[in-house]
Amino acid sequence: MDPKVMADTLWTLITAMLVFFMNLGFACVESGFCRSKNTVNILSKNFIVFAASSISFWVLGYGLMFGNGTPWWGTEGLWFLGGADNSPATGEAYKGAYASLNWTGVPLLAKFFFQLVFAGTAATIVSGAVAERIKYFSFIVFSFIIVGLIYPVIGHWIWGGGWLAQKGFLDFAGSTQVHSIGGWAALAGVVVLGPRIGKYNKDGSANAIPGHNLSLGLIGCFVLWLGWFGFNPGSTMAADVDAISRICVTTNTAAAAAILSATIVSTLLLGKPDLGMTINGCLAGLVAITAPCAFVSVASSAIIGLIAGALVVLAVIAWDKVHVDDPVGALAVHLVNGVWGTLAVGLFAQSQWMPNKANGLFFGGGFTQLGVQLLGVVSAGAAVFLMSLVAWAIIKATIGLRVSIQEEIEGLDIGEHGNSAYPDFVVRKTFPVSTGSVVAAAEPARR
Amino acid sequence: MDPKVMADTLWTLITAMLVFFMNLGFACVESGFCRSKNTVNILSKNFIVFAASSISFWVLGYGLMFGNGTPWWGTEGLWFLGGADNSPATGEAYKGAYASLNWTGVPLLAKFFFQLVFAGTAATIVSGAVAERIKYFSFIVFSFIIVGLIYPVIGHWIWGGGWLAQKGFLDFAGSTQVHSIGGWAALAGVVVLGPRIGKYNKDGSANAIPGHNLSLGLIGCFVLWLGWFGFNPGSTMAADVDAISRICVTTNTAAAAAILSATIVSTLLLGKPDLGMTINGCLAGLVAITAPCAFVSVASSAIIGLIAGALVVLAVIAWDKVHVDDPVGALAVHLVNGVWGTLAVGLFAQSQWMPNKANGLFFGGGFTQLGVQLLGVVSAGAAVFLMSLVAWAIIKATIGLRVSIQEEIEGLDIGEHGNSAYPDFVVRKTFPVSTGSVVAAAEPARR
Amino acid sequence: MDPKVMADTLWTLITAMLVFFMNLGFACVESGFCRSKNTVNILSKNFIVFAASSISFWVLGYGLMFGNGTPWWGTEGLWFLGGADNSPATGEAYKGAYASLNWTGVPLLAKFFFQLVFAGTAATIVSGAVAERIKYFSFIVFSFIIVGLIYPVIGHWIWGGGWLAQKGFLDFAGSTQVHSIGGWAALAGVVVLGPRIGKYNKDGSANAIPGHNLSLGLIGCFVLWLGWFGFNPGSTMAADVDAISRICVTTNTAAAAAILSATIVSTLLLGKPDLGMTINGCLAGLVAITAPCAFVSVASSAIIGLIAGALVVLAVIAWDKVHVDDPVGALAVHLVNGVWGTLAVGLFAQSQWMPNKANGLFFGGGFTQLGVQLLGVVSAGAAVFLMSLVAWAIIKATIGLRVSIQEEIEGLDIGEHGNSAYPDFVVRKTFPVSTGSVVAAAEPARR
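Protein chains in written order, with numbering that gives the first Met the number 0: chain E, 0 to 446; chain W, 0 to 446; chain B, 0 to 446.
The reader is advised that the hints may include incorrect statements.
For identical chains, the list gives no copy identity; a pair is met inside one copy or between any two copies.
[Unchecked claim] Think about it this way: if two alpha-carbon atoms lie no more than 30 Å apart in a straight line, the pair counts; the simulated DSSO-like pairs of lysine-lysine are: (1) LYS428 - LYS320; (2) LYS271 - LYS395; (3) LYS320 - LYS395; (4) LYS395 - LYS201; (5) LYS428 - LYS271; (6) LYS166 - LYS198; (7) LYS3 - LYS271; (8) LYS3 - LYS320; (9) LYS198 - LYS271; (10) LYS356 - LYS94; (11) LYS428 - LYS3; (12) LYS94 - LYS271; (13) LYS320 - LYS201; (14) LYS94 - LYS201; (15) LYS428 - LYS356; (16) LYS320 - LYS198; (17) LYS271 - LYS201; (18) LYS94 - LYS3; (19) LYS356 - LYS166.
Hints were generated in silico from the structure; no laboratory data involved.
As the structure is a computational prediction, the values presented were derived from the model and not from experiment.
Let the sequences and hints guide you as you build the complete structure.
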C-alpha cells in the first residue's frame, strides 16, 4: 500500500472522529446555556440530529453535493453513494461519479465519513437557536431536510465544483459552508418560531435567562475546540505536513485571541468577565478562522481572532435589540462570525498559501478576492435563508412547530419526553413560572 | 522503519486510546442512569475496574488468551508478557509465544495495549448491571477474576486460535468476545445479587427508578460512540485503508439507524421518546455492528442497527418482566445485542469481505456460517455464565456481595466511600427512603 | 513526501491535541473538587489560562526556551517564532535558530504546537492550588509570566540544550519541567496568598471542605489520563514504534498501580476508599511516570506507580499539617510526585533505553544518574520557586492578589464574574457562611 494513501486516510478518519465528537460539544454548550427544565429536550435534539444526518447524507446528500452534474447540484451517483468510484485514485487517474473530490487520495467511504460529520455540524448549529420552544419531531424533520437538501446544494456550489467554486470563492473548512449555513437556517427558524415566552418585555427590554449549568457549557466548549483541530487541519484530507501543522496553529491562535478579546470587551461593556461571553468568544474565533485557516499567517490569525471575540459580544447584544431570541448565541457565533471569517480570506490571504496565488486586500491583492468572498456570502446566505424559511413554514403548517404555552412554561422535558434531567435535585422554578407570569412579563424589568 | 509498520502502529495505538476513553463513557452512562446517592460508588467502580484490568491482564490474562497452547487456553508466555516475541514480524517470519496475533505487524506492547483496553471493556460492562447494591471490594475482586481468567479463556477460543476460531466462528471486534461476555457475567451477578430494594412490587409490577443526571448519561453515550470508532475500525490492527474506512461508516450507520428505531419504538410503546431508551438504542446498534462491521455492506449495517434499536427497547421491558433488575439496561444492550450482532454475521456477511469467503444466509450462503455463529454464542455464553456464577458465589460466601439494607437505602456513597457526590446541592430522598418504605414498596404502584 | 516525516508529524500533532484536551481535564478536576459557589471562577481560570499561554508562548516563550543561545536561555529567534528554520530537516542538516529540537523531523509549527500545549499544562497546574481566593485578573497576569518567562527559562536548561541538559539530566516528558515547575509556582502562590477562610482552626486542625461535584472530578481524571497518552508517548515527537508502544504501557501501568495503592493506603489511613484520593492517586502515578516512562521496564513502572499512589495520600495529609492550603491536592500530585518521578529515573532506568546508556541505581549504575537528577530537581525547584515568589509579590503589591473576605465567603462566581454556575438548583450555603462564622471557625472542629 502507498504510504501516502495510508497517512492520508489515517489523518482523514482520525480528524473526522474529532469532528464527530463536536456533536457532544454542541449538546453540552447548548444544554448548559439553557434552563434545566429543557435539558432532556436539548440533549435529545443534539443527539438525534446526527443520526438523522447520517441517514440523510447517505441516502441523498452526498450525491447531491459531490456528484458530477450541473453548476447547481450533482446528478450522478445521487442515491446511497451508488456512483462508480475508483478512489483512492486522484486527479486524472480518478474515474467516477464524484470528481469534485478527486484531489484527495483516500477511499470513497473515508471521504463520505469526513463530509458526513461536517454536514452534521451544520444541522446541529440550528438546534441551539431554536431551543426551549420547538417541537421535538418537527426539529427532526428539519434536520433531515437541511442535511439531505439545503446543505448539499450549497455545498455543491462551494466544494462540489459548482458555480461559486468556479468563480474562485474560497472557504477552506467552512466558515460559510458549515457555520453560516447553519446560522442562516437557524435565523429562519427563529423568525418563524418567535422568541421564548418571557424573553422580551413590553418596553422592548430583554430579560436575561441564565443557563442552568456552566460546567456543562465549558465541557462543551473544550470539546468543540478539540474538535476544531479535526475540522480545520483535517480539511486538507491529506497528511500534508506543512499545511496541517500551520492550520493547527492558526486555528489555536485565533481561538486564544478571541477568548482574550471577548473577555476584555465583555468586561468593558457588562462590567465583569462573563463566562458565557468568553465561551462564545472562543467559538467565534474558531468559526472565523475556519475559512482562512490555510491561507493566512499566524499573526493574521491572531488579528482575525481578536476581531471575532469583540464581534460576538456586540452581536449577542445586537440580536437581543432586534428581538431575535437565540438562547445560546448561535447566530452571533456561527452566522456573524461565519460571515466575518469568509470575508477575512479576502483581507488577510497571502499568495504563497492560496491555490489561486491571489493576495488579500491587506497584502496588496486589491478587492478581487474580497469581492468573490462577498458574492459567496450573500448568495449562499440568501439561498439558505429562503429555502429554510419555506421548509420551516411547511413544517409549521403541517405538523406544527412550537409547543404549547403550558408546555413551554413547564419545560419541554416532561412535555416532549416524559423525562426529567435531574430528578434527584431540588430545582427552582425558572421565570416565567406560570401563564400568569407570562402576562406579568410584559411589564418592564422585574428581575 | 517500514512505513507500513509505522502506520499500523499509529492506528493501533490511537484507536486503543479511544477504546480506553470508553471507560469514561461507561462511568458517565452508568452513574447518570442511577440515583445520586450511589454516584460516588458507581464512578469509583468504573474507575478502579480499569486499574484492576490493567494489572490482571498484564500478569496473566494476555498470556492465557494469546499464548500458544491448547485449543482451550494458552500455555506459553503466560506470566507478565514474558514469552519470546519478535514482533512486528508477521506471518511465517513471526517467532514467539503469541502466534495467534502474528497477522498484525506492530510491536508486542502495542498488541498488548490494544487487547488490554478491550479486556477492560468487558469488565466494565458488568459494573452497570450490579450497580446500587454491590459491595465495592467484592466488585473489585470479580474484576480481577474476569480479566485474568474468564475473558482470556473465552478469548483464546475466539481470537487466540482456539477451538471456536478453528471452527470458523467470526466475531470481528467482539459482539460476543467483549459485549456478550460482559453481559453473561453481569447476568450471573444479578442472579446472585437479586434486585434492588423497592424495584419490584408484590404484584410483580416494577417501579421506575429514574437516573439522576441525563446530561451525564448523554456525555457518556457520545464518549462511547467516539470510542467505538476505535473499537471497530481499530480491530484491523492495521492501516488497511479500505477496511477501516468502511468500518467507520458501517459502525456509524448502525448507530444512527438504531437511534431512530429505538426512538420510534419507544414512542409507540411508551408514548413519548424517552432519552434513556434513545441512548440505549445507540449503544445497542453499536454493540450489534461490532461483530459484523467488517463483513457487511453499509445498507446491511443500517438494517442491523434498525433491528438492534427495536430489540433493546423490547429487551429492557422483558428483563423487567422476569424481575432481572439491571439499573442501566446493560443486559439489553450488551448481552441481547451482542448475541444479535454475532448472529447477524451469519445473515448479512458478504463473501468479498469475509476471510473464509462465505456468504451469510441472506446472500446465498445458506446456514453454514449462521450455525457456527450460533455455536459460538451458546458455548461462550454457557461457559461465561457458569464460570461467573461460581466466582460470584465464592465471593458471596467469603467476603460477602451485597451491602446492608440500611446502606442500600441511605446510599452506597456514604456507606462504602464516606463521600457525597454533590454535597453543595439540596437532594431529594429517593424511593425507598427508609426500611419502613421497603415494606411499603411491597404494595403495588405507589409512585 | 518522506513517509517518516508524515508519520512523525501525524503522531506529533495528534498527541498534541490530546495534551491540549488536558485543559478540560484540569478544569473538571479542579472545579469538581471545589465548592459550587466558586465554579464559574475556576472554570474561567482554567479556560483563559490556555489562551494566555498560547499568546505568551508564541510571542516570547518558545524562542526563550528553544532558541540557540547561552546555557541559561535562548537568544536567537526570540520573538514570534521569528528565527530561521529549515525543519523538518534534522541533525546536521538542520539550519536554524532552534537547534535544540533538531532531533525531530517535523515542521516548525508542529514543534511549536506540541511544546505550547506542554507549556499550557504547567500554567494550568497553578490554578488548582490557588483556587477559591485569587483574583481573576491577577491569575491571568501570572499565567502570562509563567508561560512567557519562568517555564521557558527552566525549559532551556532541560530541553533547550542548556546547562542541565549538558550535565545529563533526563526528564523524558516533564515530571520536573512541567509538573514540578507548575507545582513550585503554585506553592509560591499559596505561600503569598495564605489559606482559605475557615480552612484551619485555632488549634491547628483542618476542616474538610468537600468538592461540589465528583462526577465532574472523575470526568476530569479520565480526560487527563487520556491526555497523558499524548503527553508521554507523544514526547518522542516521532513515530518510533517500539518506544511509543512501550511508553503507552508504562504510562498506563503506573496509573493503574497508583490507583490501587492510593485506594489501599487511603482505606487504611482514613477508613474508607475516598474517591478524591483515588483520583489523585491516578494523577500521581501519571506524574511520576512522566520523566522515566521511556527509560524503564513495565515492571518498574508498576513499582513507580505503587509508590506514587501511597505518596500522594501521605502528601495531602502532610501539606494540611503544615497549613499549606491546596484545595485540590495539586502540590501532592504535581510537585511531590514530579520530584519522585524525576528521581525514579536515577533508580529504575535501564541502559538499553537510555540515551546515555547509563543504568539507574537499582540496575547497577550506581549513584551517578541519581545525583544528576537530584541536582536538576533542586536547581529547577529553587529557581522556579524564587522567580514565582517575586512575580506573585509584585502582582500583590500592584493590582492585588486576593479577593475580599466578603467575596470569598459569598463565592467568587458572583464577585468576579457576575455569574452563577447552577442558577436553577437549590444550593446549600457552604462553610463559612458569613463573616461571623469566620470568627467561629477559629474555634475547634465544629462540623
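Consistency of the hints with the structure:
Proximity of LYS428 and LYS320 under a CA criterion of 30 Å is satisfied intra-copy only: 26 Å inside one chain copy versus 36 Å between copies. Within a single copy, LYS271 and LYS395 get their C-alpha atoms only as close as 40 Å, which misses the 30 Å cut-off; across copies the closest is 20 Å, which meets it. Proximity of LYS320 to LYS395 under the C-alpha cut-off of 30 Å is restricted to the intra-copy arrangement: shortest distance 26 Å within a copy versus 41 Å between copies. Taking the shortest Cα distances, LYS395 and LYS201 sit within 30 Å of each other inside one copy (26 Å), while across copies they are farther apart (48 Å).
For the identical chains of this complex, LYS428 and LYS271 are neighbours both inside a copy (26 Å) and across copies (23 Å), given an alpha-carbon limit of 30 Å. For the homomeric pair LYS166 and LYS198, neither the shortest alpha-carbon distance inside one copy (43 Å) nor that between copies (66 Å) is at most 30 Å. Proximity of LYS3 to LYS271 under the C-alpha cut-off of 30 Å is found in neither arrangement, the shortest distances being 51 Å within a copy and 50 Å between copies. Neither within a single protomer nor between protomers do LYS3 and LYS320 lie at most 30 Å apart by alpha-carbon distance, with minima of 52 Å and 55 Å respectively.
Taking the closest pair of Cα atoms, LYS198 and LYS271 come within 30 Å of each other both inside a single copy (22 Å) and across two copies (28 Å). In this assembly of identical chains, the alpha carbons of LYS356 and LYS94 lie at most 30 Å apart whether taken from the same copy (28 Å) or from different copies (28 Å). Taking the shortest Cα distances, LYS428 and LYS3 never come within 30 Å of each other, neither inside one copy (58 Å) nor across copies (60 Å). For the identical chains of this complex, LYS94 and LYS271 are neighbours neither inside a copy (58 Å) nor across copies (48 Å), given an alpha-carbon limit of 30 Å.
Taking the closest pair of Cα atoms, LYS320 and LYS201 come within 30 Å of each other only inside a single copy of the chain (13 Å); across copies the shortest separation is 55 Å, beyond that limit. Taking identical chains as interchangeable, the C-alpha atoms of LYS94 and LYS201 are never at most 30 Å apart, the minima being 62 Å within one chain and 69 Å between chains. Proximity of LYS428 and LYS356 under a CA criterion of 30 Å is satisfied in neither setting, with 58 Å inside one chain copy and 62 Å between copies. In this assembly of identical chains, LYS320 and LYS198 lie within 30 Å of each other by CA distance solely inside one copy; the values are 12 Å within and 46 Å between copies.
Only within a single protomer do LYS271 and LYS201 lie at most 30 Å apart by alpha-carbon distance; the minimum there is 27 Å, versus 36 Å between protomers. For the identical chains of this complex, LYS94 and LYS3 are neighbours both inside a copy (20 Å) and across copies (27 Å), given an alpha-carbon limit of 30 Å. Proximity of LYS356 and LYS166 under a CA criterion of 30 Å is satisfied intra-copy only: 14 Å inside one chain copy versus 49 Å between copies.
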